[in-house]
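*Asks:* These protein sequence lines are chains A and B, in that order. Numbered according to this note's numbering, the first sequence spans residues 350 to 674. Numbered according to this note's numbering, the second sequence spans residues 350 to 674.
A portion of the hints provided could be inaccurate.
Said to hold, decoys possible - A few chain B residues that face chain A, going by a derived Cβ cut-off under 10 Å, partial list only:
1. 373
2. 374
3. 462
4. 619
5. 623
What the hints assert, rightly or not - The calculated lysine to aspartate or glutamate pairs, modelled on DMTMM-like cross-linking and capped at a C-alpha distance of 25 Å, are:
6. 461/B to 381/A
7. 668/B to 451/A
8. 461/B to 451/B
9. 378/B to 466/A
10. 440/B to 381/A
11. 668/B to 611/A
12. 461/B to 375/A
13. 461/A to 623/B
14. 668/B to 662/A
15. 668/A to 365/B
16. 378/B to 365/A
17. 378/A to 365/B
18. 440/B to 375/A
19. 668/A to 611/B
20. 378/B to 662/A
In short, the hints are calculated from the structure, not lab data. Every residue gets a Cβ at the ideal spot worked out from N, C-alpha and C, and that includes glycine.
Chain by chain, the residues run as shown.
There are 2 protein chains.
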Amino acid sequence: MAVTLADIEQAAARLEGLAVRTPVVESAKLNERVGGRVLIKAECLQRTGSFKFRGAWNAISQLDAAAAKGGVVTYSSGNHAQGVAAAAQLKGLPAAIVMPADTPAIKIASTKAYGAEVVTYDRATESREAIAMTLAERRGAAIIPPFEHEHVIAGQGTIGLEFAAQAKQLGATLDDVLVPCSGGGLAAGIALAFAARSPATRVHTVEPAGFDDMARSLVSGKRERNAAATGSICDALLSPGPGELTFAINRGLLGEGYAVSDGEAAAAMRYAFEVLKLVIEPGGAVALAAVLAERLPVAGRTIGIIASGGNVDAGLYAKIIEGRF
Amino acid sequence: MAVTLADIEQAAARLEGLAVRTPVVESAKLNERVGGRVLIKAECLQRTGSFKFRGAWNAISQLDAAAAKGGVVTYSSGNHAQGVAAAAQLKGLPAAIVMPADTPAIKIASTKAYGAEVVTYDRATESREAIAMTLAERRGAAIIPPFEHEHVIAGQGTIGLEFAAQAKQLGATLDDVLVPCSGGGLAAGIALAFAARSPATRVHTVEPAGFDDMARSLVSGKRERNAAATGSICDALLSPGPGELTFAINRGLLGEGYAVSDGEAAAAMRYAFEVLKLVIEPGGAVALAAVLAERLPVAGRTIGIIASGGNVDAGLYAKIIEGRF
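Next comes chain A alone, as it looks inside the complex (with noise of 0.2 Å):
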């Protein structure tokens, strides 16, 4: 395996009183509903707002210092452009970031905010890796990609060392962890800590209806890609395929993927407003949303999912607690 649990315990050492140990959240009236018990690691609370932070950082940290001469760039459709922005500016380097025309305000701002440039670019037409290497060439910056990259998986797998650790202090095995997926790195990482930690639980993706091209993937044994490129709220998992390092690693350790409609993961947003009292995110929701939808047997069993994020702008938000998406 290319990454490996030591490389995880490594990154979680480099990110120790950097990264926010997240919570483990728990409702009992969410609890209630389902008949089982969920537990929710809240990485909505994490700094800039997701779990990018963990790998940006786990890979920014280590880059050596010819490498990254002329800082770093990376593309992203908002997550992981903040992650990278935030530890590049931790680290005192310039980045450049190339994202969609298209990714909601908030997450440009707070992009902008952390220092970095950004380069827009048409998610239907243009190609955001080749604008990238292109910017990475020009200035003899280091690329950190968002999930095709084994620093950047072994951060996010910090998420499954805490979350195993955290269930065990509540005295809760998981049955299964549900992990929102683009790429597939969280879902690698995660999966490849909670098989050394906790390998009874099996680790699933969830994805937009429409872009779940891991699940398809782990069906046929290949990497599938999607259709369209855009038309799902879940702008943080439109990615086009799973990587080819995210799908060798996941292929062998995933469970079953599922897939949410966005109308579903509208109402996990609003059921995180109303009860749980957690801003998420689009993309950030849709485990909630596979629990909420029953999309798996929940009743009597023991579900961890994870909240990946909450970058998601007011207008939008207010329209769907309101009721009005």
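Since the structure of chain A is already known, use the hints to place chain B on it.
*Replies:* Just chain B now, kept in the frame of chain A:
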């Protein structure tokens, strides 16, 4: 003192496994903004969406069968209502709650969802205590007042025990703790706990401007009352004056009291949405508001704040996060 550390410790034992040991949330962005360290005790993540379950369960779990043969009755602007309704349901007792007619709909709906009967009254012209007393006498029910009760104060004090221990675990000693204040039960409980466990910490109330009866009472040395009964978005903090019992505790233990405007409370809610990813209601956000508005010195200090609840109607929340308030 009518409430002792032992009472609070016993309350903590009664709440074990029923109340949430709410997380302490810290934000690098917030720390940077104020130039100090801010630790947020997120009681909005508590069972029923506010801290009130603690005091309600501590009181109701100790009721003897004869006193409560007709169940329990209380009066509340909404959060204590839900706390009592949920605690009564757990204990298998019927509950009747006297609530202002202008209470946010989410609070009335949630109270009913816990199986309680809701009786509304006019906040400006009727006496909720009188209505509750008549109801309780007719039914043979026990009254669980929102703050003027030793068991209620001891229950709220468990927040102080947890917060002092959690701060210590984070390597911090809190210089000041800011507590949203209405009748003063939360502040009294927390002040008692800190006096015992972290005596260097100074506990302060924060109230809505125009409803700063506790702050004025601390200055004058006698219980002052508010001129108005309505007129702030902080619906949870409109009690007409300090309780006799709560003031007797608070006058000996509290530092200066602060007040914030509705605009400052709304700005704090917006900040919690954008940066912290916590849903906080107006009254629950006043302590954060006092920090953001620098009502006290924060630079170079470690400040604890209580985010006391998150029960806010979607319509008002939408207005506030979109800057339409």
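*Asks:* Hint by hint, note whether the structure agrees.
*Replies:* Right, here's what the structure says about each hint:
1. Given hint, residue 373/B at the interface with chain A, holds; its Cβ is 8 Å from that chain's nearest Cβ, closer than 10 Å.
2. With a cut of 10 Å, the hint placing residue 374/B at the interface with chain A holds, because the nearest CB-to-CB distance is about 6 Å.
3. Because the closest C-beta pair between residue 462/B and chain A is about 9 Å apart, less than 10 Å, the hint holds.
4. About 8 Å separates the beta-carbon of residue 619/B from the nearest beta-carbon of chain A, less than 10 Å, and the hint is met.
5. Interface hint at residue 623/B: satisfied, since its Cβ lies 7 Å from the closest Cβ of chain A, which is below the 10 Å cut-off.
6. Between residue 461/B and residue 381/A, the direct Cα distance comes to roughly 16 Å. Compliance with the 25 Å bound is thereby established for this hinted pair.
7. A distance of roughly 24 Å separates the Cα atoms of residue 668/B and residue 451/A; the hinted pair therefore holds under the 25 Å criterion.
8. For a cut-off of 25 Å, the pair hint linking residue 461/B to residue 451/B stands: about 16 Å separates their Cα positions.
9. Distance hint between residue 378/B and residue 466/A is fulfilled; the C-alpha atoms sit about 19 Å from each other, no more than 25 Å.
10. With a CA separation close to 16 Å, the supplied pair residue 440/B and residue 381/A stays within the 25 Å bound.
11. For the hint linking residue 668/B to residue 611/A, the alpha-carbon distance of about 23 Å falls within 25 Å, and the restraint holds.
12. Our distance criterion of 25 Å between C-alpha atoms is met by residue 461/B and residue 375/A, whose separation comes to about 22 Å.
13. Taking the CA atoms of residue 461/A and residue 623/B, the gap is about 15 Å. The hint holds against a cut of 25 Å.
14. Proposed proximity of residue 668/B and residue 662/A is supported: the alpha carbons are some 13 Å apart, at most 25 Å.
15. In summary, the hint linking residue 668/A to residue 365/B is not supported, as the alpha carbons are separated by about 38 Å, beyond the 25 Å threshold.
16. Taken as a hint, the residue 378/B and residue 365/A pair is honoured in the structure, with Cα atoms around 17 Å apart against an allowance of 25 Å.
17. For the suggested pair residue 378/A and residue 365/B, the alpha carbons sit about 17 Å apart, so the restraint of at most 25 Å is met.
18. A hinted pair counts as satisfied when its Cα atoms are at most 25 Å apart, and residue 440/B with residue 375/A qualifies at roughly 21 Å.
19. With a C-alpha separation of about 23 Å, the suggested pairing of residue 668/A with residue 611/B holds against the 25 Å cut-off.
20. At most 25 Å may separate the alpha-carbon atoms for a hinted pair to count; residue 378/B and residue 662/A meet this at roughly 18 Å.
Of the numbered hints stated above, the single one contradicted by the structure is hint 15.
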